[in-house]
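Enquirer: Heads up: the sequence lines are chains A and B, in that order.
Heads up: the first sequence is residues 1 to 420, going by this note's numbering.
Heads up: the second sequence is residues 421 to 715, going by this note's numbering.
Don't read these hints as lab results, they were simulated from the structure.
Hints are not guaranteed to be accurate.
[As the list claims (entries may be wrong)] Taking lysine to aspartate or glutamate and the EDC-like style, the derived pairs with C-alpha atoms no more than 20 Å apart in a straight line are: (1) A:339 to B:669; (2) B:481 to B:496; (3) B:589 to B:627; (4) A:339 to A:370; (5) B:536 to B:468; (6) B:651 to B:669; (7) A:154 to A:234; (8) B:536 to B:571; (9) B:607 to B:561; (10) A:154 to A:406; (11) B:481 to A:145; (12) A:339 to B:571; (13) A:339 to B:572; (14) B:607 to B:627; (15) A:41 to A:372; (16) A:95 to A:145; (17) B:481 to A:400; (18) A:41 to B:468.
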Amino acid sequence: MAWALPGSLQQASAAETPRAKSVLFVFLWGAPSQLDTFDPKPDAPIEYRGPFGVIPTRTPGVHFTELLPRMATRSDRFTLVRSNVAISSSSGHPKGGTVALTGFEEQPEPVQPTFGSIVAKHRGQTGYLPPFFSLASGKLTAGGEYIKGDGGGKLSTAHDPFMVGCSQQGEVDIPTLKVLQGLAPNRISDRKSLLNRLDAKRAQLDSWASRQWQRTYRSAYDLLMNPKARAALDPTRESPATRARYGHSQFGQTALLARRLVEAEVPYIQLNYSRDVDAFNPGYEIGWDTHIYNFELLQDQLCPTFDRAFTALLDDLYDRGLIDQTLVVCKGEFGRTPKINVRASRDHWTNSYFSIWAGGGVEPGRVIGETDRLGQDPRSGPIVTPLRVGTTIAELAGVDTLARGEMRVLDGGTVVDELF
Amino acid sequence: MSFFDRKRQYLVGSMILLLLGPWPSCAEEPVRLTSDGRLKATPVFSHDGTELVFAVLENPKMFRLMTMQLADRSVEPLRKAATTAEFEPACSRDGRYCAFVRQRGVLRLSVAILDKQTDTLVEVLPPPGFAGMRSPTFSPDNSRVLYSFADESRQQIFSTDLRANDPQKLTNSPGINNWPNFSPDGKEIVFGSSRDGNFDIYLMQCDGSNVQRLTHNPVQDIRPRFSPDGKRIVFVGHRHGNSEIYVMDRDGTNLVRVTHHPERDDYPDWHTDGKQLVVVSERGGRHDLYLVRVP
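Let's have the full structure, built from the sequences with the hints guiding it.
Expert: Right, dumping it as C-alpha cells:
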C-alpha cells in the first residue's frame, strides 16, 4: 500500500512522529555486480552478460539472475531501483564508501556526516540503546585503509556509530572493548568483575586516552550493565528455527541482531555485509569486491548467504508487523563494470548500480529506473545519487528540510519521490 | 597403479563405508558426516576412499583444509601451519600429492601442489596484480594438474606438471571454463563452460580437442565429475529452483536427480565404490557433509 504523497513528505514537521522509527541500512561493502544479481542482461554480448541464467520474479516482466531465488519470490515485498549513480571521481573504495554513506566526497574537509549520524543527532538517545549502531567486527576498511565517512564527521565524533560485531554463532562483541579479551554482552553477569577489568585497563592509559576512555567506554559499560540492552544485543535468545531462517553465517546472524535492534526501536542501524571490501583479503571476511573470480564468488558464497539472510530479515519484519515503521535500504557503494575485465571478472563502475527499498511507506513490488541494453547507464527513470538516498532516508526518519538546514547537512539533496 | 591396487582401494573404501553404518532403512536417506554446521566446500575422497579432504570456513576470515578419517570421523587440519585461506583440494590417485588453492595476498591465489611424502610444496604462481587460479585436479597417471585461470577476459583450463612447469592451455573459448575433471582412463576431460550463454557441462579430449556439449539448460549446470568407472557424470544444477545434485551418463543421457531439498546441495564427489557421493548440504541454515547413495 502506498504511503503519503511526496508533497506531504516535504511538508512533514520534524516534531511529528517519523514515518520510519528505524532505518535499517544494509551496506553491501565492496560493490556487488548489478548484472549478475538484480539487473541481468541475458541478451547482451557474451563479453558483458556473464554466465548466469535468469529467473522470473513475482513482479510481472521482471527477472533476476538464478543466484537469487528467494529474493525473486519476494519481489512484491520491496522495490528495486536500477538507476543508482555514484560519483565517478570517487570510484575507489575508501572514497566511494564515503560517498555512499554521506552523499558527498571526502574533500573538502571536514568530511560530511554519515546518514546514521544525522539521524542519530536529530533523534538523540531516547531509550536504553544508542541511536546509531553499525554492525561489523570493526571500523570499515578497504584493503586495510579506513573509510572516512562512516561517522559523525563535521557533526563531531559524539555522533559516531556504536559498533557491534556478531559471529556466525551469534556471539556479539564490541570492538571498542576488544582490549577486554573474551568480553561479550551475553557473558556479562558480574558487575564488580567488569568494573575491575575496565579500571585495570584504564590505569594503563595516559590522561588524554583516559578522557577518551571515559567517554567511549563509559557508554559501552552502561550498555552492558543494562539487562534490556544486553538482551537486545543477544541473537542467541531467538528460537533455533528463527536463527536457522537467517542462516548460520556471520551475515545471517548479524542480520538477526539487526532485527532485534529494530524491535528495540533504535533509530538507525547500519548492517554491513563485511568489514572489508575485498573478496580475498587475508585476515578479513569475504566482501563484495570481486576483481577476480566474480562469478564463482557470487554463486558459491556471496549470493546464497545474502539471498537467505536478507529474505529472512524481510519476512521477519513483515511477520512481526515492523515493516511499516522501518525503512530498509540495501545497496553497495557503486556497481561493477558491465564489460567483463581482463581477468574474466568485473571492476568498479559508478555509472549505474542497484538499491533495494522496503517498508517506511515505500510502495513495494516495483522496479524504478532502467539501464541500457548493456547495463552501462540509466536510460529512463530517476537518477538516484547517494545524496538523494541520504535525503530520502533522513526525510523518512524525521529529519526534514528545516532540520537538515539547521544541521547544515545533505545540502542540495532531494527525496526520491518515485518510491512512494 | 595396477589393477590389484585399484581393487584393493575399492575394497578398503567399501569396508569403511560399511563401518560407517548402520545405514538407514531408506536407501535414499543421506548419512551426515559432520555436525558443526560451519560453511564447507569442495570435499574430495582420498585415493583409497578412506578419508575426505574438504574446506571449512574456520572463522569468517579463514578457509582451512581439513581431513576426515571415515573410519572414526575424526577431523584435523591438513596443514596446521597454514596462515591464509586454503581451499578446493584435489588428491592424486597414488595418494602422494594434494593440490589446492592458496591465498597469497589481497585478491591473489595460487595453486599449490603438496608432496605428502617429502612434505614439500610447489606453487603455480599468479602473474602480478589481482590474479589467481582455481579448481585444481590431477590426471589419473598423477603426472599433471589441471586448473582454471582467467586470461584475456576469458577463463580457460590449463594444465601443468607437478613441478609447476610446462603450462599448457587446453581451452580457447569465450566465457568461463571451470571445474575440469579427468575421465578415469585419462582420455577425456569434463568441465563447465559458459561459452554458449550460461553454464553447461562439456566434454573434450585430454588435449582440448573435440569439444562436445552434454547439457542444454537455461540455468546453470556446474562442477561435473566422472564416476570411478567413467560411465556417469555427477554435477550440480539449478533446474529445480535451487542447487541440487544430478547424475547422467557420460554422453549426457539418462539424467537422474539425486537430491530433493529446498535448501542447497552442492560440491559432489564420487566415492571410489561408485555408489556413494559426498556432498555439502545446507540444512536449517547449517552446512555439513553428507554421504548420499546414487540412484
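Enquirer: If a hint holds in the structure, say so; if it doesn't, say that too.
Expert: Hints and how they fare:
no.: 1; hint: A:339 to B:669; in the structure: 36 Å, violated
no.: 2; hint: B:481 to B:496; in the structure: 19 Å, holds
no.: 3; hint: B:589 to B:627; in the structure: 9 Å, holds
no.: 4; hint: A:339 to A:370; in the structure: 18 Å, holds
no.: 5; hint: B:536 to B:468; in the structure: 15 Å, holds
no.: 6; hint: B:651 to B:669; in the structure: 6 Å, holds
no.: 7; hint: A:154 to A:234; in the structure: 32 Å, violated
no.: 8; hint: B:536 to B:571; in the structure: 31 Å, violated
no.: 9; hint: B:607 to B:561; in the structure: 11 Å, holds
no.: 10; hint: A:154 to A:406; in the structure: 13 Å, holds
no.: 11; hint: B:481 to A:145; in the structure: 17 Å, holds
no.: 12; hint: A:339 to B:571; in the structure: 15 Å, holds
no.: 13; hint: A:339 to B:572; in the structure: 13 Å, holds
no.: 14; hint: B:607 to B:627; in the structure: 9 Å, holds
no.: 15; hint: A:41 to A:372; in the structure: 9 Å, holds
no.: 16; hint: A:95 to A:145; in the structure: 10 Å, holds
no.: 17; hint: B:481 to A:400; in the structure: 41 Å, violated
no.: 18; hint: A:41 to B:468; in the structure: 46 Å, violated
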